[in-house]
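Protein chains: 2
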Amino acid sequence: MEPKKDYHMTPEAFRLYGRALVDWIADYYERVEDLPVLSRVKPGEIRERLPKDPPEQGEPFEKIMKDLDEVILPGITHWQSPNFFAYFPANASGPSILGELLSAGLGVQGMLWSTSPACTELETHVLDWMADMLALPRKFRSDGAGGGVIQDTASSASLCALLSARERITGYRTNERGCDGRLTAYVSTQTHSSVEKAVKIAGMGREQLRAVAVDETFAMDPKALGEAIGRDRDAGLVPCFVCATVGTTSSNALDPLREIGRICRDEGLWLHVDGAMSGTAALCPEFRHILDGLELADSFCFNPHKWMFTNFDCDCFYVADREVLIRTLSILPEYLKNKATESGAVIDYRDWHVPLGRRFRALKLWFVIRHYGVEGLRYHIRRHVAMAREFAGWVEAAEDFELAAPVPLNLVCFRHLAGDEFNRMLLDRLNESGSLFLTHTTLDDRFVLRLCVAQTRTEERHVEEAWRLIRETARELAAEEK
Amino acid sequence: MEPKKDYHMTPEAFRLYGRALVDWIADYYERVEDLPVLSRVKPGEIRERLPKDPPEQGEPFEKIMKDLDEVILPGITHWQSPNFFAYFPANASGPSILGELLSAGLGVQGMLWSTSPACTELETHVLDWMADMLALPRKFRSDGAGGGVIQDTASSASLCALLSARERITGYRTNERGCDGRLTAYVSTQTHSSVEKAVKIAGMGREQLRAVAVDETFAMDPKALGEAIGRDRDAGLVPCFVCATVGTTSSNALDPLREIGRICRDEGLWLHVDGAMSGTAALCPEFRHILDGLELADSFCFNPHKWMFTNFDCDCFYVADREVLIRTLSILPEYLKNKATESGAVIDYRDWHVPLGRRFRALKLWFVIRHYGVEGLRYHIRRHVAMAREFAGWVEAAEDFELAAPVPLNLVCFRHLAGDEFNRMLLDRLNESGSLFLTHTTLDDRFVLRLCVAQTRTEERHVEEAWRLIRETARELAAEEK
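Protein chains in written order, with this note's numbering: chain A, 17 to 498; chain B, 17 to 498.
Same shape as in the complex, but just chain A:
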């Protein structure tokens, strides 16, 4: 006997509220530009507005939508605002949001080929497309020995690359016997902190991670890398992994892949190339020099969820030899065995990353590529780079500001000449204004502002207004200090 009410949302209600939510999102994008970019709530303020106890009885969806506006929205820092210039972006776009919606609606779990062949095959296919779109070396395509997979983040991709390196060099014995504390890894002083995290997770120990010096552009110094490797070999250690970055988080520095790659090849080290944000620039032939030498790498990743208008999470991780990755991460318990896997004719992506289960993330990437076309994606990348360079020109031309690093693409690192404390106050006041959101870093021990031009909807007028506000706020601050 079915009771009258089975608590599920009826198809009619789903259509009704689904439409309401689509409209809410469309409205949100039409007004997000006018909202304060950085949320202004105080710690604990959102929780105070939430009921202490979960509801015993279900509540109408209208009430949830009301709370969305009244409780949640004030606690949102608007990553989708065209005035978001902080960190690296986490871009959404219309086709991507719809791809994520479809993924949720289909609700498939693609741990094995057989648990939804389309989830695996579309992913392989779209990652091969992306390899061509970025002109990656052919070895990273699935029709060779390599292939691509979607990971959640570049952090996870770095971890998988490091683990593969660890196993390759020890003949897969670390998986069996554990680390012995002799493996060493190399990054630059500017490499993303995720590699340090990965070295710790992998049981290799932070003391075995070398932070190689950088040159005046904040790019890894290959000579210093070679020397560090040599010192470790002399000490009886086993160098195994280098992470080079194409567009560091601090300043968008470009490590020299070819020189680093030659060292890695000569020395037998795994080279992972992290192009999290800037890899996307290789869509445009004129920016492909950033990946020069990538054919010497063992793995590469970039994040469409940063600069390619594809909702977080979507990191594309490529390996030149998929067997190493799979052998490093593979587990096959009885309850996952199936004919397709045993045939060897299919990819089971569960062996390509840490989690077992996986969403159908290729849909959103497919939607984005098809909606924009290669042409549309290139158009926006070029515009963003042009806007950043224009902004950099304004900084250079201004008497009271200076660039703090080269601007190879779309990130501008700059500072007011009045010193660290002044720049710190300037940053706070700018962000408190709500009109934009910038973040900072330190370069050469100095406090530096970062302006990243990469948000889906950022146009020239937003960058112009940002510069106007920065100058005006700096003038105000300077006047107050007198």
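Hints are computed from structural coordinates only; laboratory data are not their basis.
You can trust all of the hints, since none of them are fake.
Straight-line C-alpha distance at most 20 Å; calculated PhoX-like pairs for lysine-lysine:
1. A:82 with A:68
2. B:353 with A:58
3. B:68 with B:79
4. B:58 with B:68
5. A:79 with A:68
6. A:353 with B:58
7. B:355 with A:58
8. A:155 with B:68
9. B:82 with B:68
10. A:68 with B:155
11. A:68 with A:58
12. A:355 with B:58
Per label pair, the in silico range of CB-to-CB distance:
13. A:402 with B:227: 52 to 62 Å
14. B:151 with A:444: 42 to 52 Å
15. A:461 with B:300: 57 to 67 Å
16. A:461 with B:243: 49 to 59 Å
Backbone N, C-alpha and C define an ideal beta-carbon position, used for all residues, glycine too.
Based on these hints, arrange chain B on the given structure of chain A.
This is chain B only, laid out in the frame that chain A set:
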């Protein structure tokens, strides 16, 4: 100068296609019951239907929607079919799909409290709600020393638990110096393979993982655990981690938490409890005995994305002492520093898991809890358990079938009496019929069919029809064999 066309999806188009997609999903749920559950495509078949090259120019959304029906849908194994009885489920529901849509629309990245306070605070709040809803020990709540976080999967939760155990017992020295090959970990022979994967990732080595014997219900034998720990201590090793399971993947066996917990407490080992699917049953007071002894555990996880109608991915991971987890995984580079973090008044969830970035996953969990209410969630859990027990009764009453394991909740392990090969053929023929999808395991070295009653929309008629088809197919097969 803006060109006429900027390639973005216009707000009007987003409303139009968003509605079309919401309707497509609603239609899908109305017909999914009639689709063959397990996809029938052959390896490579989906890729063959996709164009070799990515589109140079953008394509109309109508064309993408058309390919959804013609190219993608045949390659889908329908996890949202009420006839899906395989593995453990990965349930979606109306409110959950809408929560995921909203998360994609807002597009915030919650790595830090300040990068969207609502993303962090709603997560903490809803995980405290869940702790109360499952009657977890108070120590797992955020207002004590512990707290909860959403991870992608139970695999990642196990890894984080293992890493915390590794660091706690070595005084955080493994993070610094690397593993020394002396740490040992303990699971049962029935524990999920993700723990073996985690032990390898963590650099501890599979040879240091002990698979403890189970009793006749396939639950871990605490005496055997104690002995294994003792043997390792005698050998000069350092026991550090036990994973107990509440509802194993193979047969839903319930490890005796209290006895295992006492051993862990006496011996100073970290106890992680994996309740990936079955933890949800603790919503109902009559099933809470499955978590008896959980107060002796250091960490616990369960997956609303399995049995609580919340789209994959959503694993709730709780620790009793959050400082250990944070100290294990924390990294704080300059570019992530901010006032809120420095104040110490906020949670930065980036330090609670492997990835740095994170989606606003609490939204879907919040939507589900509010839509169903505790009452509605309990209603479905009770129905699923009742249906599974009824099915188990039919198996027991049948002359030619037998149960292969106890049925504590909603998973039935059973087999035809005619032997492994017969059961294997039976499984294949059933799945080829398209009318349902079952998977298998081995228990006591015998091939066993698994029927998990947990899909959001499974009703009695689906379970009845499954049993009818199983019996009929077995009779057909038996007749053919004669």
